[in-house]
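> Here's the letter readout for the chains.
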Amino acid sequence: MKKYSKQLGLVLFILAYGLASYWVFTRSTPVIYQRPVTIRFAHWQIERGPPDGIAAAIKRYEELHPRVRVVQLLIPGGTIYRQWMRANLAGDTGPDIMEWGSWLDGQKDIPARYFAPLTSELAQPNPYNRGTSQEHVLWQDTFHDKLLAPRRDSPDPGQIYAVNIAETTLRLFCNIELLRQATGSVTAPKTFDDLRQILARIQAYGRRTELPITGIAGSRDNARAIAEPLFSGTLLGVSQRIDDSGILYLHNRQVLAAYLEGKWNYSDPAVKAGLQVVREVTQSMKPGFFQLRRDDAMLEFLRGESVFFFYGTWDATSLARQATFKIVPMQLPQVMPDDPEVGRYVIGPAGEGIGETSMAMYLNKTSAHPAEALDFLQFLTSVPGNQLFTDHSGWLPSVNGVDVPVEIRGFRDYRKGYALGQAPYNVIGSEVTMQWDRHFHYLIGDQGSADKYAAALDQYMPAAIRADLQSEMRNSLLLVKPQDAMIQGWAGRAAEAPGDALPRARQHELEMGQTMSEGLALQMKRVLELTAEKK
Amino acid sequence: MLSVFAAPRLRWFTLPGLILLPALAVGAPAPAELTQAWTSIANSRPQDVLRKWDADRTSRPEQLAWATAQLSVQPTTDANLQAAGKVLTGLAGGDDELAAEAAYLQARLYQLYYAQPDYAKAAELYRALAARRPESHWAQLGLVKLAMLKLYVVPDSAAPGTDRLAPAEALLAGIHEPLLQRDLHLQIGQAGIALKQPLARLLPHLVAADRIGGISGTAHEDLVVQLSVLSLRAGLPAQAKFYCERYLAEYPDNARAFTIRLKLKEAEQQLAKEAAP
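For the record, the sequence lines run as chains F and X.
The numbering of the first sequence is the numbering used here, which starts it at 1 and goes up by one.
The numbering of the second sequence is the numbering used here, which starts it at 1 and goes up by one.
Think of the hints as simulated: they come from the structure by calculation, not from any bench.
Do not take every clue at face value.
Simulated coverage check for chain X against chain F, where a stretch passes if three residues somewhere in it have a Cβ under 8 Å from a Cβ of chain F [stated by the list, open to error]: (1) 215-221; (2) 246-260.
Simulated pairs of lysine-lysine, BS3-like, Cα-Cα distance not exceeding 27 Å [claimed, not checked]: (3) F:416 with X:265; (4) F:59 with F:326; (5) F:108 with F:365; (6) F:190 with F:365; (7) X:52 with F:525; (8) F:452 with F:286; (9) F:525 with F:108; (10) F:190 with F:326; (11) F:263 with F:525; (12) X:52 with F:481; (13) F:452 with F:263; (14) F:481 with X:86; (15) F:286 with F:326; (16) F:365 with X:52; (17) F:416 with F:190; (18) X:121 with F:481; (19) X:86 with X:52; (20) X:86 with X:121; (21) X:121 with F:525; (22) F:263 with X:196; (23) F:481 with F:108; (24) F:525 with F:481.
As the structure is a computational prediction, the values presented were derived from the model and not from experiment.
Idealized CB from N, CA, C, for every residue including glycine.
All chains, please: the whole structure from these sequences, using the hints.
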């Protein structure tokens, strides 16, 4: 019996080896069925929600297209996305579709180098919108904001490189039961002074009960996030003053240049008033918050140790799925002219328009399957595709015609008000942000004050601001130079095929965009030279 | 299937053909290969061209494609750029559109590519190209670039009180392609703001750029806002009203619409004041 079992084992081994050899030498495909086309789709939205939404859209897309497989790659944004993206794009191993954001430090050159413009496709209706309210609408106009950010962040002022999947805004998420316990009321703050009073009552409650309760869950990320909208209130007047070009919008380069030209500084009374407001809200975060990150603040809130958590609606699904208490999202009240402390510096409310769509997805220029990748993007941003995303993610859709679930409809209540509220004063560039963070301790705590912080910033910012404006100029030139070759390439294509209008049109579009970018670079160069002379 | 009788005839055609083929290939560009090269360059993949070709291409279009690819290749050392420059210099000596294209790129080398830019040399090359072939697209585009250099880097005069826009306006007169006229109008307008020139001098350029049209994306929206706001600042309420209304018609929900509505009201008040007896 033993002898037979040995032989049987040997026979089985030979049989298995033979079968494996047969498979390897006669078939090149894996044992498991692979579809002929694989699209890789990378993003950093690893919060609860978006991966589910995208997976639902992928599932439906794969049903419609049996040839195509879409792989979703979830790459953590806070830690490795930038390095991962840069390394893969440089090595020609980048995914077909990937997320990018203009605020990613040191990544400004990426779209021009590695992504394909979608302008001409966006000027046609999206085929997946057939039979929907958006059937005859141009793809670009089906987006709730007509792709504001991709237009603004485009390396070519005339081109659009991305489509957005979702829409996000900032909200003050409130642990409503804890608010009631701490203040005896569940009324949302209507003015900044209301919020000031609520935060004071929460602090008193914590002291009285000796419970580790804070007003706002704290971290460096959350402090930065809350500083921006608060800052904008007192800075509207400064922004209007430095908007020489009259476009009612300030780009980083303009704010940086205006500082070097002496048009504003951190010791300006209106700027200091903004810093004072930031100090007031960050005083309600727990000590040492600046060493923590957004995840720490979220955990603090989820543990029931803080009444408010201020961040983007991109965290709403994570909060709703993980919290054991009721969360009510509220709008952060802005500082208004009637504010008893800093109202004299405030012109009025900063407007939010109709909000902005986000989660910008770009098409890799070197994709092996550009047609299929583009097709998937069209599906994902069609009414049915975006509906699947919204239903499974709990995020606002980016596309008109999608039913917005009742529980997140409030995220679309945007504040009406003046333009220029977006003007950046703290996160204007990597050097400026570093100095902002490095000296933040002058603002907070018992020893901190707006005066001390402003003085420190005005001491260290000139060099940082100069460095950031130089980076902005270098980035513009980085875009301008490769465009020369691209223009020649399209001109060459046009000469080879005189009957085809596209290459000539593309050549002229690039020429227009390049001239605009070149003009901006020359303006920055001039400011840097003039202010260096002054120095 | 070839019959045995056809074989001798095939050989008769094939043998000389095979002998002549390389010679033909050297003398004239293979169109498909050239198209592929331009496609690679247009798609930001100059390395694909340089992998296949080297500097000794004999057809002029291929030489131009090679030099263009060489401009973008990494590392962008002056030696690499000089190799491209040498080819461009040879090509620019001709008397056709390709020569103009090469001459334009020569100027770009001095303006943007060499580690130490030489703006004066670039300006001189743009000027020479425009003098030699004024009708060429590349000469026309070169005039736009020359005007920008004059606005910011090599002004005819930087003395206080000088009209900094005039030299660029003089070059504008030599540009007949509407799209390039538009681009230069826009640049003169923007430079007027940066150089703190009177609004009355720069606004007509922005209006002209808008009238020629075709500006897409956010640049178009910015221009309409700019015309609304600057017209009001310049004391031109009728023009401000026109652009405010246009903005609100095109972008009724944008974040800037609230302020533009206020500007429109302001423009209407000024107009009513002017109309009052």
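> Each hint needs a verdict: does it hold in this structure or not?
The hints, checked one at a time:
1. 215-221: holds (count 6)
2. 246-260: Since 8 is at least three, the answer is holds.
3. F:416 with X:265: Between residue 416 (chain F) and residue 265 (chain X) the Cα gap is close to 17 Å, so the pair holds against 27 Å.
4. F:59 with F:326: violated (32 Å)
5. F:108 with F:365: holds (16 Å)
6. F:190 with F:365: This hinted pair is violated, its Cα atoms lying about 48 Å apart.
7. X:52 with F:525: Violated, at roughly 38 Å.
8. F:452 with F:286: Between residue 452 (chain F) and residue 286 (chain F) the Cα gap is close to 21 Å, so the pair holds against 27 Å.
9. F:525 with F:108: holds (18 Å)
10. F:190 with F:326: holds (20 Å)
11. F:263 with F:525: Holds, at roughly 18 Å.
12. X:52 with F:481: holds (23 Å)
13. F:452 with F:263: holds (21 Å)
14. F:481 with X:86: holds (19 Å)
15. F:286 with F:326: holds (22 Å)
16. F:365 with X:52: Given pair residue 365 (chain F), residue 52 (chain X) holds - Cα atoms ~20 Å apart, limit 27 Å.
17. F:416 with F:190: holds (15 Å)
18. X:121 with F:481: holds (18 Å)
19. X:86 with X:52: Satisfied, since the Cα-Cα distance of roughly 20 Å is no more than 27 Å.
20. X:86 with X:121: holds (16 Å)
21. X:121 with F:525: Roughly 19 Å separates the two Cα atoms, so the pair holds.
22. F:263 with X:196: This hinted pair holds, its Cα atoms lying about 14 Å apart.
23. F:481 with F:108: OK: residue 481 (chain F) and residue 108 (chain F) at ~14 Å, within 27 Å.
24. F:525 with F:481: OK: residue 525 (chain F) and residue 481 (chain F) at ~16 Å, within 27 Å.
Hint check: violations occur at hints 4, 6 and 7; the rest are consistent with the structure.
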